[in-house]
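Asker: Chains A and B are the protein sequences, given in the same order. For the first sequence, this note's numbering assigns the number 1 to the initial residue and increments by one for each residue that follows. For the second sequence, this note's numbering assigns the number 1001 to the initial residue and increments by one for each residue that follows.
Hints are computed from structural coordinates only; laboratory data are not their basis. Here a beta-carbon is modelled for each residue, glycine too, at the ideal position from N, C-alpha and C. One or more hints might be untrue.
Quick list of in silico lysine to aspartate or glutamate cross-link-like pairs, EDC-like style, CA-CA up to 20 Å [stated by the list, open to error]:
(1) A:Lys41 <-> B:Glu1045
(2) A:Lys40 <-> B:Glu1005
(3) A:Lys36 <-> B:Glu1003
(4) A:Lys97 <-> A:Glu44
(5) A:Lys40 <-> B:Glu1003
Listing some non-contacts, in silico: residues in chain B with all C-beta distances to chain A over 10 Å [stated by the list, open to error]:
(6) Ala1017
(7) Lys1067
(8) Ala1068
(9) Ser1073
(10) Asp1078
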Amino acid sequence: ETGVTQTPRHLVMGMTNKKSLKCEQHLGHNAMYWYKQSAKKPLELMFVYSLEERVENNSVPSRFSPECPNSSHLFLHLHTLQPEDSALYLCASSSTKTGNTIYFGEGSWLTVV
Amino acid sequence: QKEVEQNSGPLSVPEGAIASLNCTYSDRGSQSFFWYRQYSGKSPELIMFIYSNGDKEDGRFTAQLNKASQYVSLLIRDSQPSDSATYLCAVNPAGGTSYGKLTFGQGTILTVHP
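Looking at chain A on its own, in the form it has when it is part of the complex (with noise of 0.2 Å):
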């Protein structure tokens, strides 16, 4: 069993919809992550909150939201998406007290139709 879970796993949203993904780690982690896998690419850095604040903002437009209500939630919230952004989602964290390794949740599939 994971120690970072995410839910859904799997989303199919229109172009319209508003939806949410959601984390939640267990591994009493300081720092969590999104990442974007989409094929034929690697794995892109979305977004990073280290001690609760938002350190990275890998230039993603603001169609994707992040939200850390603490340190052990993680949310993206996604609304008026475009096909392309149709991909694996993965949340993942991490600890500076264990160099920082960074461990992934199982992804949430994304369709946007």
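Place chain B on chain A using the hints.
Answerer: Below, chain B without anything else, positioned relative to chain A:
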């Protein structure tokens, strides 16, 4: 642009052979290096990390790091069909951040055939 380069493969080896996966990186100040395994339809799973030049062994896996050549590799001994997956090289760049910030390669597809 800080990059991590891997041969996308596919790399095909027979069962029982040694599989050798290679990775080069462009940021000379990079501090830590990771290998992840990703089965089709699944999320990446950490196999090993290495910080210092030389070899690091863990069971059938050996990571090798050469910072002068900006090169990191993963050897899998006695390869098994269950090792068939995509192997992702990831590098934590220089910068002294208090969190991990990995740059990933595109991944090498490994196929181990019986």
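Asker: Hint compliance check: list the failing hint numbers for this structure, sorted ascending.
Answerer: 4
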